[in-house]
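S.K.: Kindly generate the complete structure, drawing on both the sequences and the hints.
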Amino acid sequence: MIDVKQVSFSIKKSVLVKEVSIRVLPGEFVVIMGANGAGKSTLLKMMAGSLHPSEGTILFKEKNISGYKVEELAKQRAVLSQHYHISFPMSAREMVMIGRYPYFTNQPHAADEAMVDDAMQRMQVSTLSNRQYHSLSGGEAQKIQMCRVLAQMGYTSETQQKLLLLDEPVSHLDIKYQHQLLNEAKSLCQKNVAVIAVLHDINLALKYADKIFFMKQGSVIHTLSKEEKITIGLLKDVFDVEANVFNIPGQSGNFVSY
Amino acid sequence: MLCAIAFGAVSITGGDILSSFTHWMAGKKSANIYEAVFLQIRLPRVLLCMITGAVLSVSGVLMQGLFRNPIVEPGLIGTSAGAAFGASFVFVLSAGMNKEIQQFAGPLLVPLFAFGGGLLATYTVYVLAKGTKRMDVTTLLLIGIAVNAVGLSGTGFMSYIARDPQARSITFWNLGTFSGATWIQVWITGAVAAFVFWISLRYAKQLNTLVLGEEEANYAGVDTERLKRKIMLYNTAMVSVATAFVGVISFMGLIVPHVMRLLIGSDHKKLLPASMIMGALLLTLADMGARLILAPAEIPIGIITSLVGAPVFIMLLKRTNILHTKGGDDD
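One line per chain: the protein sequences are A and B, in this order.
So for the first sequence, our numbering puts the first residue at 1443; every next one is plus one.
So for the second sequence, our numbering puts the first residue at 17; every next one is plus one.
Quick caveat, the hints were computed from the structure, so don't treat them as lab data.
Small disclaimer: the values here were computed from a predicted structure and weren't measured.
All the pointers check out, no bait thrown in.
Within a straight-line C-alpha distance of at most 30 Å, the following computed DSS-like cross-link-like pairs (lysine-lysine) qualify:
| # | chain 1 | residue 1 | chain 2 | residue 2 |
| --- | --- | --- | --- | --- |
| 1 | A | K1487 | A | K1503 |
| 2 | B | K246 | A | K1505 |
| 3 | A | K1487 | B | K146 |
| 4 | A | K1511 | B | K285 |
| 5 | A | K1460 | B | K146 |
| 6 | A | K1505 | B | K244 |
| 7 | A | K1460 | A | K1503 |
| 8 | A | K1517 | B | K246 |
| 9 | A | K1455 | A | K1658 |
| 10 | A | K1633 | A | K1649 |
| 11 | B | K146 | A | K1455 |
| 12 | A | K1511 | B | K146 |
| 13 | B | K146 | A | K1517 |
| 14 | B | K146 | A | K1454 |
| 15 | A | K1454 | A | K1658 |
| 16 | A | K1454 | B | K244 |
| 17 | A | K1618 | A | K1671 |
| 18 | A | K1517 | B | K285 |
| 19 | A | K1653 | A | K1517 |
| 20 | A | K1487 | B | K246 |
| 21 | A | K1668 | A | K1460 |
| 22 | B | K244 | A | K1511 |
| 23 | A | K1487 | B | K244 |
| 24 | B | K246 | A | K1511 |
| 25 | A | K1658 | A | K1460 |
| 26 | A | K1517 | B | K286 |
| 27 | A | K1517 | B | K244 |
| 28 | A | K1511 | B | K286 |
Covered stretches of chain B, as calculated for chain A (at least 3 residues, CB under 8 Å):
| # | segment |
| --- | --- |
| 29 | 237-250 |
| 30 | 270-282 |
Chain A is nowhere near these chain B residues, computed Cβ spacing over 12 Å in every case:
| # | residue |
| --- | --- |
| 31 | V53 |
| 32 | G170 |
| 33 | P327 |
For every residue, glycine included, the Cβ atom is placed at its ideal position computed from N, Cα and C.
M.R.: What follows is the structure, encoded as structure tokens:
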């Protein structure tokens, strides 16, 4: 689905991402972790196609991602960013409808309206429909943005491989909705959508990810797949903290306390 | 609209209007002075006024959407000043040309130079403001002031070296006036405006997306660079042409979109046509005022729009501020 080959990114003399090579397959849920300033968001933006690598190439469906038209790409991958500052008041529903804009010319079709309603139901925010976006709380706004991104993903089917990029998607959400959002993303994986998310909570990552890439100073220094156990040494290496790893009784996963 | 046609230094009755139309349809000359006033002076004036009002308001909406800022208007970011300089350049220059060239190129030369000046000024402001990484309000306005100052001093220099009648027309023109409206101006402005209105409606969706910011709009399928280039070009063309004929009319592009945002919200699909109609109505009203307050003399319309517009704008600012701090649910 997406093939990052020896990619580096630097501004002036500082290198933000250094010789990263990762590969994400359709249907995979991949999490990128690392300390602040490790280059996670920069890498994500390059995979989204908005930043161009200083070196190396990124292939999206076997074609260089910078070779796609903006409109073309919008129908195959959606991005949820960390911050949104909107310049004019807009209703929550219209905000979600923006996700459908690439699919119609002037007026939304009935299918677009239905998809917006569906996305808002899935995130349980239908009651916010007529609220003004700028009056929403941080968490509510984040849910609405997720709805917009879900609407942009549109109908997914196994034949149509799509990519979903999430940059700290649960930073403002309470525990229930953290799981709600990640479950939504995870359910897309069953339809051959590849999900790449930047997360800060290692336990959330362990629960949802098929594969975790750990970044430090611009490089991917560890890769952990679902079958492998996380170690104290790895956590020390990546985050520079003394952590404990517990087995959860009756479950295959681990639990990290720090 | 009908009032605007009827009232003025010369009153015109409904009968005059009807009979002038029937005469005109029949291809005959106007029967009396009233019909002539209506056909040759009043009607083109009211039409040009409506078109200009619509142009300035739509331009306000486009520029605000593009700069992602509710206080941008053609007067603040140099478009008008640049266009004014371009036009005054032609005023002075054309005095030196011979009569034939003047008659042939006159009506086209002014809008063309105004367009050049307006585009140059707007582009300069845009590039300089963008160079500061985050395009914040303060930088934008300060750069706007600087570019405006350059445009104004250029216009000032032109009127300094101009001969008396030209200087007078530059001065009057800087305050805006519809007194010289002719049919050819109506056609040129109308054609450009109609084209740009049509185009801008097609960009309504993309302008909505731009509310999220450029990077996000890009993710949502908007080629922001192309959008910016196109809107800047079309908008400047439309404003410059209107400005070339009627002069600088401030505050229209600020007030109308602001009022409409409060009334119907910021969805560009509705905002663009609504601002167009509201702009046409308001400016016609202002022009009526300009003609009637000191009749039979005339006040430049720019004086009226600024005088009425500035307090309304301050009032609006205060209201929206209160709403924003309360996090108002609907405004």
